[in-house]
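A.B. asks: What follows is each chain in one-letter form.
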Amino acid sequence: MLVLGFGNTLRRDDGVGVRAAELLATEPRLMRATVEVRAGFQLLPEMALDFADVTLVVLVDADLRALPGSIELRPISADAPDSDADARAEPGASSHHVGGGELVALAAELTGRRPEAVHVGIGVADTELGEGLSPAVEAALPRVVRVVSDLVEQHLADDD
Amino acid sequence: MSRTITIDPVTRIEGHSKITIQLDERGEVTDAHFHVTQFRGFERIVKGRPVHEMPAIMARICGICPVSHLVASAKAVDDILAVDPPPTGADLRRLINLGQIVQSNALSFFHLSSPDLLFGFDADPSKRNIIAVAQQNPQLAKDGIGLRKWGQEIIALLGGKRIHPGGIVPGGVADPLQPEVRDQILAGVPEAIAQVQRAIAWYKTDMMKWEEEASTFGNFRSAFMGLVDEKGNVDHYGGDLRIVDADGKALVDRADPKDFNQYIGEAVEPWSYLKSTYYKPMGYPDGIYRVGPLARLNVAEATGTPLADEELQKFRWRVGRVAGSSFHYHYARLIDTLHAVEKIERILRHPDILSTHVKATAGINRNEGIGVSEAPRGTLMHHYKVDDNGLVEWANLVIATGHNNMAMNRSVQQVARHHVKGEKIQEPMLNRVEAVIRCYDPCLSCSTHALGDMALDIQLLSPDGEILDRVRR
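So the protein sequences, as listed, match chains A and B. 111 is the number of the first residue of the first sequence in my numbering; add one for each residue after it. 8 is the number of the first residue of the second sequence in my numbering; add one for each residue after it.
If we strip away everything but chain B, and leave its shape as in the complex, we get (with noise of 0.2 Å):
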């Protein structure tokens, strides 16, 4: 008789979701699937809406990186309005979306994955997490809040706040940088930096002690796709788009991103709300691809940032060109981040940062727009059709999370192979499982919009749905 393991809700990943895990009649895994159970109503939200009020919707779909829906919206109505930001106004969205790259990593990495690499994944549940990251390692929690802070700390001055900010609308941003703005943020800098660096030292030191979990957290070959510029560096905001296979070559180079339907595919499953996106050549469920920090580093030639390359080199020393294991994008999340500090400063220094000319305004002057950038957890993307009058008729988000949806249940399938046992529900088991979908840090606020509720509730099933176990924690 087989027998379903589910777990439901899984914690330390944004939002809510539950994972089941089928197994048969000799207890081994046969099935695992990672379900989003909450309907995302924003598509239907905006319809009827002035197409100028999208980036400030949007930017409402999630309390963590609020700043990437706002990006990729506004790009999109400027695809509508036929107009490109001026070189300033397009620099000061760079700069608020790279704060935003590190105070997300930030999240990711040091409060919701550094207690599974600090302790250990067999370690007590109840001393996996941040206080107790605290306790034992004091500069590794300090270093990953300051580092936090500072991130938001540039999207409360450009944005005007924290969470939600505005700053950037249509055509641009909304008013100029002010010097004193500039220099509060590049003071923070060499601090920035530092903390990045002492995060990546005390990885790579300790990163030897998970080469089971490096084989086995999603280790597989697939696609990756990212945004790189004119030299085939990552680019957070804008340039091409880039699609190489698992032995890093390219499958789509130098694309418009605005062409992305022509390679991109959206299909639905009836276990989940999320819906699961493949590269359309290879078919579906054959075409899947990875977003985010790691497919960022395996897409680009360099990160274009002299101390981000440093470790990037060292990073593909270590691992390969392409790097294959989800494990990895721990570490390629510190690189990113690392990047993204310096590319801040480099913004910043620019002469015309300081320039007043930071929008471009128009009209209605197209009935469908495209906004494409790369948000913390990887490509996003922002489709609208509006009407003569600027109404919104219809609107399509693929998210991150989207993208990494079969790549996610690809690598809770092999780490369930790897570690269930039995039919018992054990921690070790559940911690691995929880801990490969934190690798592409799932946003489910972006998903689907959750009121969260986040305890964790196991069930082993029988066919017939009769409850064998069940693990409440």
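Isolated chain A (complex conformation) (with noise of 0.2 Å):
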């Protein structure tokens, strides 16, 4: 499983995925050898392959429609769009904007396997040119990191 927290630091609550990344990757219960925890600052497209090699990916990202604070799990698939970018632009329209969506499908077209994935999007308040995140958004944290670790341990189950 690959749990993957992205986004910018520098601009305040975007970076909220990586803040909570780093949190996952010390929560006991993500502590397994089939678990990989990252922090990143976008998606990329070689990520497709990483995609490939797990049963479930689960991607943590700032929403900028979504209350601040609030966190809403969206199932990603190739044909669902996943995030703000992949709602408005063509597949592939962007490699800076690159969508689980996309690389799911990507994952798909170049080795035949296709992860199961869901997003994780938490609601931001500030996106400003700036560090730290804002106090609902830091406030939102524990219950991040609680509804991974659910979604993740849900899988393990499932596949038991």
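Note that these hints are calculated values from the structure, not bench results. Quick reminder that beta carbons are idealized off the backbone N, C-alpha and C, glycines included. Check each hint, because a few of them may be wrong.
Said to hold, decoys possible - Here are some chain B residues pointing at chain A (derived, C-beta under 7 Å): (1) H118; (2) K134; (3) I138; (4) A141; (5) I152; (6) R155; (7) K156.
Could you fit the two chains together into a complex? Lean on the hints.
C.D. replies: Right under this line is the structure:
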């Protein structure tokens, strides 16, 4: 399983995915050989190959449309947009905003393997230049850790 | 009555921009501009920060080319410390910079531009993406992703992580190279060479199809700038600054890159946050020049590695000693990548590469420093001023996309004049106007540190601002 938190930590709340990944990396419930937690700036095309190697991908990201601090889970598929960028652009319209759905589709095209994928969107308040999260988003982090850990454990139980 | 076509923002480039095309009453293109619409605040953010922190901060400008900023920034701090990294430290910096060249060039060619080249500029937009490339030509898609992954692994192995890596510090690099890391990178060299060579073979087979685009995509006379080594060959890390004119005659040769301010000026236009740089002796706006893979090949005698030089010879046979069309950035980018892979192997096979002397240390010895290196998109300059305690008082970044700004504008004008017909916005014209920008692979994250929104919004406006036609996708 791959848990990937991404965003820009120099655009305040846009970095919530990265901050969440840092916490998830030390979460005892995720300390398993089959779970990899990563933090990153953005999704990138070659991650399709990483997607193909796992059965579950959890993407933790800022959600510009949701209420600050709220958490929304959405399943990702090649046909279902999972982010603002996916919702507006054609598949593959940008490397800068490559979407989870696009990576799932690319993994399937290149390897024939298609993981289950979930987008965990966290509502943000402030994406101006600067460091640190707004209070509402900072307060949401423990819930994000709980939600993602539940997701992973549920997936493990389903596999068993 | 004149008309303006606005393409806002441009898709498949890094960051935010829009394009406006001005028409006269007969529907003929009179002017065109490539606008960068977000403000980059990095020079302000770093004021008051200790200069030793600069490389780590600057690497966060961009998720695509963090290493480029890391390298140029570390070199600028070296200058302030008045130190030269030990030779092995410098070579390890070269190595990570070349890994960056490989992965970023692969992103540009395979992910951003190959859909246009594979399906054509008139193809359905929904087909022009990497997933469709994977369906139509799986080998091409696999090679692109594999090459990028290898470049990213080099960065991760040497810098600790793929995005915003560390490793490079003022005075050299943080840690010596371990034998197992060297061997791991070397093991990937044969496949990386095969991947680039397959792409070059495919490109050369297909390039004749794009003769019209090659003649109209930024095909004009300009100067070119890049770094060259002591033999006049391509140098991505250091060496001397060379500027040649459209005929290949050296305008500036054997120049210390730290003296770039003698040759390069910066102009500001009210319609863009991206500065326009120009060759000072020719003035603004006549002093137009280009940087990046095409410029690197145009200014250099050779690349200095055998396989890339073989391809460079064929490149020059096909497009001339000094290639004038920006369409040839694609071809040049592949040769640049092949050279980078060969150079990575050469550096790793040097017996001193495992030396433990990789870092020089010093305090603040100067109040001003300049660092220059070749980023994937072209020559990158970091210029800092610090107080006696080493706190940053002033910083200026001259980025590759800024060097190419005037050339991109002229290219948009040229394409628009050739392809814009009437007042209606049509897909083939749209994609060609965007595609000419993609030739330069501009990085607007570097330009502005943008937060992304990549929808396409095209407006046809009257002089009083009335929207006459609008297309979104």
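A.B. asks: So, for every hint listed, does it hold in this structure?
C.D. replies: Each hint, compared with the structure:
1. Evaluation of the H118 of chain B hint against chain A yields a held restraint, the C-beta minimum of about 5 Å falling below 7 Å.
2. Taken as an interface hint, K134 of chain B does not check out: its beta carbon lies about 9 Å from the nearest beta carbon of chain A, beyond 7 Å.
3. Given hint, I138 of chain B at the interface with chain A, holds; its Cβ is 5 Å from that chain's nearest Cβ, closer than 7 Å.
4. With a cut of 7 Å, the hint placing A141 of chain B at the interface with chain A holds, because the nearest CB-to-CB distance is about 4 Å.
5. Checking I152 of chain B against chain A by beta carbon gives a least distance of about 5 Å; that is within 7 Å, so the hint holds.
6. Hint on R155 of chain B holds. Least Cβ distance to chain A is approximately 5 Å, under the 7 Å limit.
7. Proximity of K156 of chain B to chain A holds as hinted, the smallest CB-CB distance being about 4 Å (cut-off 7 Å).
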